[in-house]
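Note that the protein sequences, when read in sequence, are chains A and B.
Reminder that position 113 of the first sequence reads as 117 in the numbering used here, one-by-one numbering, no gaps.
Reminder that position 32 of the second sequence reads as 50 in the numbering used here, one-by-one numbering, no gaps.
Hints are computed from structural coordinates only; laboratory data are not their basis.
Be aware that one or more of the hints could be misleading.
[As the list claims (entries may be wrong)] With beta-carbon atoms standing in for the labels, derived distance ranges:
hint : chain 1 : residue 1 : chain 2 : residue 2 : range
1    : B       : S35       : A       : F332      : 52 to 58 Å
2    : B       : L38       : A       : K470      : 18 to 24 Å
3    : A       : E17       : B       : E150      : 29 to 35 Å
4    : B       : Q22       : A       : S393      : 34 to 40 Å
5    : B       : H39       : A       : T564      : 35 to 41 Å
6    : A       : T15       : B       : E150      : 50 to 56 Å
7    : B       : R165      : A       : K470      : 53 to 59 Å
8    : B       : R165      : A       : R68       : 34 to 40 Å
9    : A       : K470      : B       : M19       : 50 to 56 Å
Keep in mind the model is a prediction, meaning the values are calculated, not measured.
Using N, Cα and C, we set each Cβ at its ideal position, and we do this for glycine too.
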Amino acid sequence: MPTWKEKLSITMEPQLVEEIDAFESQIALRRSGKLDEKIFAETRLRRGVYGQRYDNGHRNDGVRTQELNFSSDLTKGPDTLWDAPGMQRIKIPFGGVTPDQMDTLADLAEEYSDSVLHVTTRQDFQLHYVHIDDTPNLMRRLAAVGITTREACGNSVRNVTACPLAGVCHGEVFDVTPYARATAKFLLGHPDAQGFGRKFKIAFSGCRERACGLVNMHDMGGIAVTRTENGMEKRGFELYVGGGLGAVPHDAKLFEPFLPEEELLPTAQAVARVFARLGEKKNRAAARIKFLVAKLGIEEFRRLVLEERKTMVPDPRWTGYLPEVAEFKENPLKEPVPLNGQRPEGFEKWYSTNVYRQKQAGYAVATITLPLGDLTSSQMRQLADLARSFTGDNVRTTVEQNIVLRWVSEADLPELYRELVRMGLGEPGAGTIVDVTACPGTDTCKLGIASSRGLAAEIRTRLAAKLFTLDEAVKNLHIKISGCFNSCGQHHISDLGFYGTSRTIGNRKVPHFQVVLGGKWEDNAGAYGLAIGTVPSKSIPEVIERITGRYVRDRNGNETFQEFIKRIGKQELRGMLENLMQVPAYEKDRSFYSDWGDPREFTIGDLGMGECAGEVVSAAQFDLADAERLVFEGQLHLDSGDYAQADALAYRAMIQAALSLVKTQFQSVRNDSDTVVSEFRARFYDTNILGDRYAGNKFAQYLFRRHDSPPHEHTLDHARRIVEEAQLFIEAVYACHDSLTERGSAPISIKAVGKP
Amino acid sequence: MEVQRFGVKFFVADPPSVRLHDFIQIFHGWIQKQTVENHLLIDVHNYSHIHNGPGILLVAHEGNFSMDMADGLPGLLYCRKTPTTGTPVDHLETILKSALQACNLLEGEVRFRMDDFLLLANDRLNAPNDDECFSQLKPIVSDALERVFGHTKYTLTRHSENPKERLVVRVEQNQPRITPITRTFA
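Isolated chain A, as found in the complex (with noise of 0.2 Å):
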């Protein structure tokens, strides 16, 4: 019998062999302990091969931490053994796939994986439990339908995605699809991008107004324009770059109003060598494109990227491509017929929410709606079948974790709707508040804080059952989920955002989730929301009842979620919700202890819990609360405009954390803020105590670099980053506090009598 190499090498592309065999070497070079586990991690983050949870070797059980005892010691990377399942992330550029690429993503969901494929926000697919012996021939079976998995993570361009509804959008300017597909193209692999400190993500949009390609929040990213030069009208980009969500989301910028398209290729190159050059590399903090632009500045970062423009030898690829963009079209499988005859029952709810009539006359989108982003291997495959009969070659992957099959003549869409229903898809609700979003949190990310899918899925189930008796303005309202601050799930660009985090309750761990209000995920993730306080996990479902519901009843008009959470205003906001972030005694009512699908205690790490006698609540935490409630008065004046008073607040806020830490160690040291700082930055930062958990090291900079260089004027983008800094660094200090709780060496607490 040939191997799936033998027998899939007359259908792979040569260089897709040569790379998977050189990734099949370095895994025996490892094996053998001839490649160094750095080297080795970051050789297979680009191929894909991701860690995952537990991967360390280590797990609590809801009442110790086991020692997974694999077979074997070998690593695949720093404290990751080598036999721990890993996860497969697949790019699908601009999320453009065929029949048979779904063929073989279900096959190898079955074979390699739990038979569930799960389709990410930056539309890839993601197989998780994967071994990582088997991830060549994965590869391999991947190659043979023209799927890379190269550059799927790591410190490289990313999956460049676009608006699923690009060449079929009534308000796009034109399609995108042939520009995305070709800058994935030129990128992959190109030496100039490999250099990078972080990770470059690129977006690009057909329009201004929706959302589908949220261009603002992104490494790189382009959204289509025209203009008339000599009576023709040409093709551009308005081009942005250092957008990013991540803890501290950053606006991008705009480079260039329109770039014409015969420049976007070279312009991308000269973007990436300057980000290789002068990004930064030691600290992984503060390495993503974005702080490079703040630290130049838009102006200077464009001077150089347009002084590197003119070194480069021209690249016959620049401008090859063009020539295929303007005879680029889908072809639909069926003639355009207007819908007609029978409709099943339920249709005419799906057809509401799940179906976009396309600019192609008698032509339309029809939104295949995953929950949490899962299909099984089984509906993967009936849906490529199903594409074959309606749609041919059209499906895309959508950055909300859905599958849409686009142009479906509209005659077919109620046999399509039963053909759905019969697969258990034809769920409706598609873009709705029921279509939750949310990254894999505690499930299988080993930054995972909190359950975010296991609250996506309370969510749902809560919503789906009255979706269509809900007040229309609630209905389309967006709700994004992430784990931990680090924005998998998007919150930051939702109307109702949540990051899990952690507080400790009488010696007990309780998963919390901060709430995070009145993001925009229109107009290219046209705002950020902020912080207004953190919930416990179990209370969230009431914080979105309370919210909406007030919303309904108290808006003005027309008024949208943003200016309404923004006329109400946070202080009254976090008013309302103040008597869910209370945790009841863990005698009362243990279910706040647990996450949600999960019967464990909750726990945030692998040390055991300290025992307790009562209700201890230490110096610390108080000094902790008071910097949250300065944050969150910086959060006020933030929102009337005052922005020198909020960049005020959230110093002192950070200054304050700092001074809990510090006091833990040196109770009678002074607290003006040169001392606090120098203290501070000895005892915890130098030493690393802080950054051993929640990498807490990278918010300390956040102080360090407030209190070094205080700003020279006041504006509304630095007041709001300073504002988002503190919230985080004050999150690393309570991380950071919990854990010197745990080892018994955070020495000062009064007992708080009535305390609840």
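Position chain B relative to chain A; hints supplied.
What follows is chain B alone, placed relative to chain A:
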């Protein structure tokens, strides 16, 4: 036949009795006690939100167990991931016994049918879903069944002739009856 990745699914005798979410707690309990022999149990994954999906999944290093809901028919599915030693019959015997061990552990929660179950070759390269492979697999399955269940007579059929599907063998006892499993199988 070089197949290592076999799987087996024993259907629940009384499907309405299955309360899928109960298996989250049950499987977590198994991990706490590392109950399943010769398996390193790692984690539980809740896929109950997926229609006819893997239900509740217990991830182990050697193979995954799940209260699987494929085709709307709940059952204990065991899919082997790591190789076992010996002949193909040995592999299949090991896999059947692992699945039966899990079924035994679930006694008291649900009962499984032993008169009608599925054996799947989760390896399209070495076991494509065609007549030839089915013919090769049949004697291996028969021998493994005899080792595990004694001289009970079974009829073996191809579950689906769709070449895109995995090769799945339906195992039906010739004189159907519902047999609660016993620990003797494991």
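Review point. Quick check: which numbered hints come out false for this structure?
Key: 6
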